[in-house]
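Chains as they are written, first to last, in the UniProt record's numbering: chain E, 1 to 205; chain Z, 1 to 242; chain R, 1 to 218.
FYI, nobody ran anything at the bench for these hints, they're computed from the structure.
For each residue, glycine too, the CB sits at the ideal point set by N, CA and C.
Since no wrong hints were added, every one of them can be taken at face value.
Taking beta-carbon pairs under 10 Å as the criterion, some of the chain R residues facing chain E (in silico): (1) 79; (2) 81; (3) 217.
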Amino acid sequence: MGLEVRDLCVERGGVPVLMGVSFDLPPGKALILRGPNGAGKTTLLRTLAGLQPALSGAVTGGEDLIAYASHSDGLKAMLTVSENLAFWADVFGQRDVTTALHAFSLEPLRDRLAGTLSAGQKRRLGLARMLVTGRPVWMLDEPTVSLDKDAVRQFATVVAGHLASGGSALIATHIDLGLEAEVLDISPLRAQPDARAGASDEAFL
Amino acid sequence: MSLWEYANPVRFLALSSRVLPVFWGLAALCLVSGLIWGFFFTPNADKFESTVKIIYLHVPSAMMAINVWVMMLVASLIWLVRRHHVSALAAKAAAPVGVVMTLIALFTGAIWGQPMWGTWWAWDPRLTSFLILFLFYLGYIALWEAIEDPDTAADLTSVLCLVGSVFAVLSRYAVNFWNQGLHQGASLSLDKEENVADVYYFPLLVCIAGFVFLFLALVLYRTGTEIRLRRTRALQAREVRA
Amino acid sequence: MKALLIRDLTLAFRAGGGFGLGLAFFLIVTVLVPFGVGPHSALLSQIAPGILWLGALLACLLSLDRLLALDWEDGTLDLLATSPLPLEAALSVKALAHWLTTGLPLVLAAPVLGILLALPAPGFFWLVVSLALGTPALSVIGTFGAALTVGVKRGGLLMSLLVLPLYVPTLIFGAEAARRGATGMDPATPLLMLAGITAGTIAIMPFASAAALRVNLR
Numbered sequence: 001m002g003l004e005v006r007d008l009c010v011e012r013g014g015v016p017v018l019m020g021v022s023f024d025l026p027p028g029k030a031l032i033l034r035g036p037n038g039a040g041k042t043t044l045l046r047t048l049a050g051l052q053p054a055l056s057g058a059v060t061g062g063e064d065l066i067a068y069a070s071h072s073d074g075l076k077a078m079l080t081v082s083e084n085l086a087f088w089a090d091v092f093g094q095r096d097v098t099t100a101l102h103a104f105s106l107e108p109l110r111d112r113l114a115g116t117l118s119a120g121q122k123r124r125l126g127l128a129r130m131l132v133t134g135r136p137v138w139m140l141d142e143p144t145v146s147l148d149k150d151a152v153r154q155f156a157t158v159v160a161g162h163l164a165s166g167g168s169a170l171i172a173t174h175i176d177l178g179l180e181a182e183v184l185d186i187s188p189l190r191a192q193p194d195a196r197a198g199a200s201d202e203a204f205l
Numbered sequence: 001m002s003l004w005e006y007a008n009p010v011r012f013l014a015l016s017s018r019v020l021p022v023f024w025g026l027a028a029l030c031l032v033s034g035l036i037w038g039f040f041f042t043p044n045a046d047k048f049e050s051t052v053k054i055i056y057l058h059v060p061s062a063m064m065a066i067n068v069w070v071m072m073l074v075a076s077l078i079w080l081v082r083r084h085h086v087s088a089l090a091a092k093a094a095a096p097v098g099v100v101m102t103l104i105a106l107f108t109g110a111i112w113g114q115p116m117w118g119t120w121w122a123w124d125p126r127l128t129s130f131l132i133l134f135l136f137y138l139g140y141i142a143l144w145e146a147i148e149d150p151d152t153a154a155d156l157t158s159v160l161c162l163v164g165s166v167f168a169v170l171s172r173y174a175v176n177f178w179n180q181g182l183h184q185g186a187s188l189s190l191d192k193e194e195n196v197a198d199v200y201y202f203p204l205l206v207c208i209a210g211f212v213f214l215f216l217a218l219v220l221y222r223t224g225t226e227i228r229l230r231r232t233r234a235l236q237a238r239e240v241r242a
Numbered sequence: 001m002k003a004l005l006i007r008d009l010t011l012a013f014r015a016g017g018g019f020g021l022g023l024a025f026f027l028i029v030t031v032l033v034p035f036g037v038g039p040h041s042a043l044l045s046q047i048a049p050g051i052l053w054l055g056a057l058l059a060c061l062l063s064l065d066r067l068l069a070l071d072w073e074d075g076t077l078d079l080l081a082t083s084p085l086p087l088e089a090a091l092s093v094k095a096l097a098h099w100l101t102t103g104l105p106l107v108l109a110a111p112v113l114g115i116l117l118a119l120p121a122p123g124f125f126w127l128v129v130s131l132a133l134g135t136p137a138l139s140v141i142g143t144f145g146a147a148l149t150v151g152v153k154r155g156g157l158l159m160s161l162l163v164l165p166l167y168v169p170t171l172i173f174g175a176e177a178a179r180r181g182a183t184g185m186d187p188a189t190p191l192l193m194l195a196g197i198t199a200g201t202i203a204i205m206p207f208a209s210a211a212a213l214r215v216n217l218r
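Whenever a hint applies, use it, and build me the whole structure from the sequences.
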């Protein structure tokens, strides 16, 4: 059920961004992605989530294990908190949203329209979405943006619970979540400017 | 040596720079000789008088207007299946040529239609189909222009070209159904009996050859420009990252 | 899939969802036509089927802007693409939601507006039938246009340029059926052609739309 990534090369806009990305993400483990802005964390996550093709390399584990959370939460302002969650639960073939609401203390807000929430509350709702996907491998892109300290701790607890129940998580973040997790620094994996990796621009060089 | 070798942009440029002068020369030769022959050394037709001579521009441009779209369709398919950049860029390069051909066909048709039918424009099925084809060309070019990432643009325009082709054919039948027209039958067909008289036929063939060579030369030339633009862009992208 | 349909319908009916805008546009176009061509019933009744079809088509086109753009901006499309729901199915459902909130109201409103344009009595039935058969094709083709241009900022005008030529066959057969019905001719042939176009587009266009959207999501 884990994720195995071997020698992955990802591109953005016809230029290779990262080369030779290899890691294992067995069940129960978390991996923190680090690297400066623009290093390619988002590109790597989007590639793993199956939104864009990789140039080369192998990913075993499959896209249908992965729940992906991007910068934006995919919330509808004119739906209530519980309607937003119920929609995603249904799309992923799940029913129960109360656990997710509880985990991020969203119960008092459940009938509020998502558009009236604060930025931090929206983010919590976006993260609660991961719980209703029922998928084992979480991929989170900067999940703690606009969260306060308590909410970050809450989030870390939820991730820890997910790991304890046999899930795994790949998290691109700058802050310390207090999780027992390996760290993968992707800055050394940056593709050299003259790299030949099969990116679409190379045909013209 | 397979044809796909020339899918490599660099090798394509080398080849095109060798054959381009030949195509330009053939285009000039055929067009000049065909048009002079057609305009000055063929008789006026009984019914049409001198206006008959507009077929030397009208028929070739109308043929090319359709053929260019077919070429774009083939190039789009090659890009979608085999991901050869030259193919996508050739389709991009061909579109403006196709637009101009369509416009020439529409304008010469109007100039011919005025004395013959007494009107510049009629909603005849052929005329209408060409107008719709013109709109398809415009949409295709606009989509290329609107999207920054060249590969995304190539993919989307290729899908549009495929879908557009189906709808263009559908429109042709719909328009035929909608209005039976005034336009005469085809000027050329493989069935010799239906063709125009020989005296017009041969200069017309020369003109058609001229238009084909002109199209080939223009597309090769413009594809070369597009390749160089992509190369500049790729080099800049590397520069920025270095 | 049901969840997506219900969500799209709910959003359309809530504040700011844009339900009724297409309908209002249809009304205004119809009202403006007599100002443009003159109030003579004979002329109006002659052009009524075509004007009503054109008005419905433009109202449909106008509302396409919202079809994918909002879901694109807030990241919903990214998340849907990584969900178990195939993108083809998601787009079919969204086209269906668009038809239910835009096309169907237009079909129902058309006879009322037909009165304003002095549509001949036998024309009402065929107008509704032709619109009911044809507007689903407009939604499905429109979804393709929206998927092509979703990555383009302020792509509304571009989308119109791409979608309108694709609407030509639907408009021709739809308006022809309504016209024949109104003048007492047999509308069966254009109606069958129209039904064929609708069936064909519903079957094939979602694949083209999903392909375009996948390219845009890369």
